[in-house]
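Order-wise, the sequence lines are chains Z and A.
In this text, residue positions in the first sequence follow my numbering: the first is 1, and each later residue adds one.
In this text, residue positions in the second sequence follow my numbering: the first is 252, and each later residue adds one.
The set of hints was computed from the structure by calculation and includes no laboratory data.
Just so you know, not all the hints are guaranteed correct.
Stated by the list, open to error - Below, computed lysine-lysine pairings styled on DSS-like, alpha-carbon distance capped at 30 Å:
#1 312/A <-> 145/Z
#2 231/Z <-> 148/Z
#3 487/A <-> 176/Z
#4 313/A <-> 494/A
#5 176/Z <-> 62/Z
#6 201/Z <-> 499/A
#7 312/A <-> 494/A
#8 415/A <-> 496/A
#9 313/A <-> 201/Z
#10 486/A <-> 499/A
#11 148/Z <-> 496/A
#12 145/Z <-> 313/A
#13 313/A <-> 499/A
#14 148/Z <-> 228/Z
#15 100/Z <-> 457/A
#16 446/A <-> 250/Z
#17 176/Z <-> 486/A
#18 415/A <-> 487/A
#19 446/A <-> 100/Z
#20 176/Z <-> 201/Z
#21 486/A <-> 201/Z
#22 201/Z <-> 148/Z
#23 312/A <-> 226/Z
#24 496/A <-> 313/A
#25 415/A <-> 486/A
#26 201/Z <-> 487/A
#27 496/A <-> 486/A
#28 496/A <-> 201/Z
#29 228/Z <-> 145/Z
#30 312/A <-> 148/Z
#31 415/A <-> 494/A
#32 313/A <-> 487/A
#33 499/A <-> 487/A
#34 226/Z <-> 313/A
#35 494/A <-> 201/Z
#36 313/A <-> 148/Z
#37 148/Z <-> 494/A
#38 312/A <-> 201/Z
#39 457/A <-> 446/A
#40 148/Z <-> 226/Z
Letter by letter, the chains look like this.
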Amino acid sequence: MHLFAEHFKREKSRIYTLDARVKLIFTLVLLAMVLSYNGFFFLLFILVASAAICLRLRLPLKVFLLRFCEPLFIAGILILLKFFFSGETSIFTLNFAGFKIIGYSEGLYEGLRIACRILAAVSIVAILGFTTLFTELIAALSWLKAPKGFIEILMFAYRYIFVLSDEAQVIYNAQKNRLGYSNVRRGLSSFGILSGSLVLKAFEHNQNLTVAMIQRGYDGNIPVLKHKPFKAHEIILSAATIALFAFIWKI
Amino acid sequence: MKRIKLLKFVFCFCLISTFDFLFSRAARAMHISEGILPFNWALLWFLIAVPFVAYGLYRLKKISNSDISFKPLVGLMAAVVFIISCMPIPVPTAGTCSHPCGTGISGILLGPAISILITAVALLIQALFLAHGGLSTWGADIVSMGVVGSFAGFLTFKALRLLKINLAVSAFFAGLFADWATYLATSVELTAGIKGSAPFLPLFWKIIVAFIPTQLPLGILEGAMTSGMIMLLYKKRPDLLIKMKVLKVTKAVVVFLSIFFISCFSLANAAEWPGVDETVVEKYAEEHGRAARAPLINTDQGDLLLFVFLLAGAIGGFVGGYYWRKLTEQKPK
Numbered sequence: 001m002h003l004f005a006e007h008f009k010r011e012k013s014r015i016y017t018l019d020a021r022v023k024l025i026f027t028l029v030l031l032a033m034v035l036s037y038n039g040f041f042f043l044l045f046i047l048v049a050s051a052a053i054c055l056r057l058r059l060p061l062k063v064f065l066l067r068f069c070e071p072l073f074i075a076g077i078l079i080l081l082k083f084f085f086s087g088e089t090s091i092f093t094l095n096f097a098g099f100k101i102i103g104y105s106e107g108l109y110e111g112l113r114i115a116c117r118i119l120a121a122v123s124i125v126a127i128l129g130f131t132t133l134f135t136e137l138i139a140a141l142s143w144l145k146a147p148k149g150f151i152e153i154l155m156f157a158y159r160y161i162f163v164l165s166d167e168a169q170v171i172y173n174a175q176k177n178r179l180g181y182s183n184v185r186r187g188l189s190s191f192g193i194l195s196g197s198l199v200l201k202a203f204e205h206n207q208n209l210t211v212a213m214i215q216r217g218y219d220g221n222i223p224v225l226k227h228k229p230f231k232a233h234e235i236i237l238s239a240a241t242i243a244l245f246a247f248i249w250k251i
Numbered sequence: 252m253k254r255i256k257l258l259k260f261v262f263c264f265c266l267i268s269t270f271d272f273l274f275s276r277a278a279r280a281m282h283i284s285e286g287i288l289p290f291n292w293a294l295l296w297f298l299i300a301v302p303f304v305a306y307g308l309y310r311l312k313k314i315s316n317s318d319i320s321f322k323p324l325v326g327l328m329a330a331v332v333f334i335i336s337c338m339p340i341p342v343p344t345a346g347t348c349s350h351p352c353g354t355g356i357s358g359i360l361l362g363p364a365i366s367i368l369i370t371a372v373a374l375l376i377q378a379l380f381l382a383h384g385g386l387s388t389w390g391a392d393i394v395s396m397g398v399v400g401s402f403a404g405f406l407t408f409k410a411l412r413l414l415k416i417n418l419a420v421s422a423f424f425a426g427l428f429a430d431w432a433t434y435l436a437t438s439v440e441l442t443a444g445i446k447g448s449a450p451f452l453p454l455f456w457k458i459i460v461a462f463i464p465t466q467l468p469l470g471i472l473e474g475a476m477t478s479g480m481i482m483l484l485y486k487k488r489p490d491l492l493i494k495m496k497v498l499k500v501t502k503a504v505v506v507f508l509s510i511f512f513i514s515c516f517s518l519a520n521a522a523e524w525p526g527v528d529e530t531v532v533e534k535y536a537e538e539h540g541r542a543a544r545a546p547l548i549n550t551d552q553g554d555l556l557l558f559v560f561l562l563a564g565a566i567g568g569f570v571g572g573y574y575w576r577k578l579t580e581q582k583p584k
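Same shape as in the complex, but just chain A (with noise of 0.2 Å):
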């Protein structure tokens, strides 16, 4: 008996050693890799990134009027997020190396539509010369890292800071929360992709399991590198941060939070509210013999609803890409 408990253990601890290797190598990888998602997928993930990358394009053109120095800068720092996720550092119960997002420090630091269109730059320069995620999952790779990551780590700083915690503390939850975030989404949208007629979730917790040797300590080391990175900047250059407004919670943003956390908070407990339809309307109609009928599409036949949603996608996102140059260019003098 004890001898068939031994084995069990030796052979889980192999078993986990092996798919810790093989997926901690993979991690490595930390974006989506070329042709892993099927053509409506990568579709699908594009044309969610379209807008986000159009508002950042929107802010650069309204700041670099003011400020002409801005364009080169946003280069600079692309070059910097380029450059921080080339960069194998050791993840020690892991046994191997990865590489943080970066898009935390260009989120807390540049704000999240600018650090958005970084994000964008830097993968699409991967894509192409390091086969570091790919030209078919940019799209996928812009909403993980630079929309959620950029957006977590941008509002957990400012929240943090709001509640009058200190820099460092801020940053590093900035800095961790980015990346737990950015494998999350990493995570859905992989499951998504390979997951085939199999169900979502059982897949889904899989992919995130086998994550978890990797990111639960690298979350940890990139938001002691953000904390870190905002803290010498603070020592040695204090003026940059607060000209990046860095330092200050405007009330644009506490706005904005507030309304994150209601909505949170709202989606939450959305299964215990009925709607309006369910409560007023359904209700008068019913009293008034005006039942509702059968709708003369049904939408709820196998993928219909999502097919049309991919088509109404496809064809805002064609014109929002068409037009997009008018939105984002400066009209000649």
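Next up, chain Z with everything else stripped away, as it sits in the complex (with noise of 0.2 Å):
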């Protein structure tokens, strides 16, 4: 499972050693910048400015795909909603088989522009996840001061994610050996048990781990990454090129 900056071969880019606490609050205003924006031109500033940072990292092409096929997906969909379904100002008039198709240029301008919306947000949350890694992110949630119990749940979760993904897989193998999904009602069987069987093993895991823990001392509480002191230069370069956007963001 391939889905986090840990399993990423990591390029020489300075965006990797930038402060993690700096990169989710750059992320958190350019994505209200992005969803409060009227236009076309900042989305597609943003969008090109994301897509190079994308190309610098050197990512997988893999890893890409499985990143924005769904909202390029979604986009698309939008796009046709709006186009054919809102707007009163009609670009053609198609008359096929008795039915009406009308293509709206209020509908067109609006899809487009919520699909800009969607791939420039999407994009700028993806160099987030691409850069940082899990125990930096929960570091910096932390520091944003986000409930010490939601911090524990998402490591404790996150700890276990591969685990449990680990011994889906060996169970699917075996069911899927044994025909287990040949039909839609084996299959559903199958599945039904997959996941009973998941949650079992949390129960298992929970008792283990808890007994684990309170042998090493655990007390309720789990300590968090602590963060080295903000650098003068992150800041600034950051302040900047949010005055930057904000800039063209106004335009």
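Fit the two chains together into the complex; they arrive one by one in their own frames, and the hints show the way.
This is the structure:
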């Protein structure tokens, strides 16, 4: 499961070493700008800038496709939906076997704008995900005063996603080899057993994990990564970039 | 004439197939994608989600004070929900794959409050590392999947157990309604977010119709899956179901269900019942020559009322967000 930045080969780029807190705040500010923008220019600018950064990161093509195929598809559907169902000024009317298909200019404009917004927003968050380690992100969330209970649950979940997904894969392969998914009914039953087994495994792991953690001094709180002090040049650079983006946003 | 009818049939079939193909793939996305909602809607759903997540954290703190193994268990269940909602399962009628929510089962096993927290964690990881959902739509996704899905699953299960319906059937309907309720809520959020200046209802029905080919069978599949999971737990580890009070219907749940159903009934008949202001206050005021004057600030202008609600929500959310660490964290001993 190559989802997390830990699994990618890290090229020599400054963006990887940038403080996770700075990256997170920068991402949130840019997201707010993207969502509240009503035109095209800023969104296209963000898209081009993100594409340039993504190319610079030299990540595997498969990772890119996995990350962007779903938003791209949704963006395409929204363009169609708005184009054919929303607006008043028709661009073309097609009569086919008694049906009228009308394409509206307002709908096309709105659809393209929403599609650009989706792709710009996804690319901003994708860069954060590609370049930040999960532990750094958790520490940044903790610095931003995210509740401690939430952080702890996030850490436990992250730790066990890989363990449980490996176990799910083993059970799935065993079921498949025994024709567990040969028809819909058997497939459904197999999937129910697979999900139930995962829950059972989670309970078993929980008992072992708690005992192991108590033996190592767990008292209900987990310490998180401590951040180094902010670097002045990182903050100045980020503030300048945000100011530049804000200027373009305002145009 | 016959040829035209045949052509119409072929055209309709092609149109529905295309629409179904497109939306069934879209439905595979399950959550609302990053960037779909404009800023004001994204903020509004986030503010609605905040108190529910805060209540989940409060419950977590309360339970983990007496049971140290509870936090790791919730983390593990979050990993299970993450994995279940990443697993594609075939939807026979749509000829495609989709995936279940998993919030029905977490709602039944750990209660809706903890289930909301679990969903929030799973959604955050998916948003950051899978482009599945998004940071900007995190609040909207928590409301549809976490709040609506968990409560629908939990309340359905408890109501059916209260009526002495057997465990498998209760779990089936809990999974079914959790899934369908999630999609109903997602449709509302999606319509509100993309409608622009268009009216709400026509687009809402289009989105609902587009979801039906995948979500109708998927809900049934999720119901069967939830039922299978509960029965497996019942056969292999009934002690866990007893420990988590799954088999027990508490007084609090009965009271909550009664209030819920009475509220639903009242809302359905609300149009027939005039308010106290209208029947008592206004009547006597008019009798004594003190008819209501025009308001100083008329909030029925444009979106002023909505804006005021949003402003109040933003202020309340900020204050709540700023102080919620005090609510959810243990005091140093």
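A quick look at each hint next to the structure:
1. 312/A <-> 145/Z: holds (17 Å)
2. 231/Z <-> 148/Z: Status holds; Cα separation ~26 Å.
3. 487/A <-> 176/Z: Satisfied, since the Cα-Cα distance of roughly 22 Å is no more than 30 Å.
4. 313/A <-> 494/A: Since the Cα atoms of residue 313/A and residue 494/A sit roughly 16 Å apart, the hinted pair holds (cutoff 30 Å).
5. 176/Z <-> 62/Z: holds (26 Å)
6. 201/Z <-> 499/A: holds (23 Å)
7. 312/A <-> 494/A: holds (18 Å)
8. 415/A <-> 496/A: Roughly 16 Å between the alpha carbons, so the hint for residue 415/A and residue 496/A holds.
9. 313/A <-> 201/Z: holds (25 Å)
10. 486/A <-> 499/A: holds (17 Å)
11. 148/Z <-> 496/A: This hinted pair holds, its Cα atoms lying about 27 Å apart.
12. 145/Z <-> 313/A: holds (20 Å)
13. 313/A <-> 499/A: Judged against 30 Å, a Cα distance of about 20 Å means the pair holds.
14. 148/Z <-> 228/Z: OK: residue 148/Z and residue 228/Z at ~20 Å, within 30 Å.
15. 100/Z <-> 457/A: holds (17 Å)
16. 446/A <-> 250/Z: holds (25 Å)
17. 176/Z <-> 486/A: The hint holds at about 23 Å.
18. 415/A <-> 487/A: holds (22 Å)
19. 446/A <-> 100/Z: This hinted pair holds, its Cα atoms lying about 22 Å apart.
20. 176/Z <-> 201/Z: With a Cα-Cα distance of about 20 Å, the restraint between residue 176/Z and residue 201/Z holds, given a limit of 30 Å.
21. 486/A <-> 201/Z: Status holds; Cα separation ~15 Å.
22. 201/Z <-> 148/Z: Holds: residue 201/Z and residue 148/Z sit about 26 Å apart, inside 30 Å.
23. 312/A <-> 226/Z: At roughly 23 Å apart (the allowed maximum being 30 Å), residue 226/Z and residue 312/A satisfy the hint.
24. 496/A <-> 313/A: Answer holds: residue 496/A to residue 313/A is near 16 Å, not above 30 Å.
25. 415/A <-> 486/A: Since the Cα atoms of residue 415/A and residue 486/A sit roughly 19 Å apart, the hinted pair holds (cutoff 30 Å).
26. 201/Z <-> 487/A: holds (12 Å)
27. 496/A <-> 486/A: holds (16 Å)
28. 496/A <-> 201/Z: Judged against 30 Å, a Cα distance of about 19 Å means the pair holds.
29. 228/Z <-> 145/Z: holds (17 Å)
30. 312/A <-> 148/Z: holds (10 Å)
31. 415/A <-> 494/A: Answer holds: residue 415/A to residue 494/A is near 20 Å, not above 30 Å.
32. 313/A <-> 487/A: It holds: about 29 Å lies between the C-alpha atoms, which stays within 30 Å.
33. 499/A <-> 487/A: holds (18 Å)
34. 226/Z <-> 313/A: holds (27 Å)
35. 494/A <-> 201/Z: holds (17 Å)
36. 313/A <-> 148/Z: holds (14 Å)
37. 148/Z <-> 494/A: With Cα atoms ~26 Å apart, residue 148/Z and residue 494/A stay inside 30 Å; holds.
38. 312/A <-> 201/Z: holds (24 Å)
39. 457/A <-> 446/A: holds (11 Å)
40. 148/Z <-> 226/Z: holds (14 Å)
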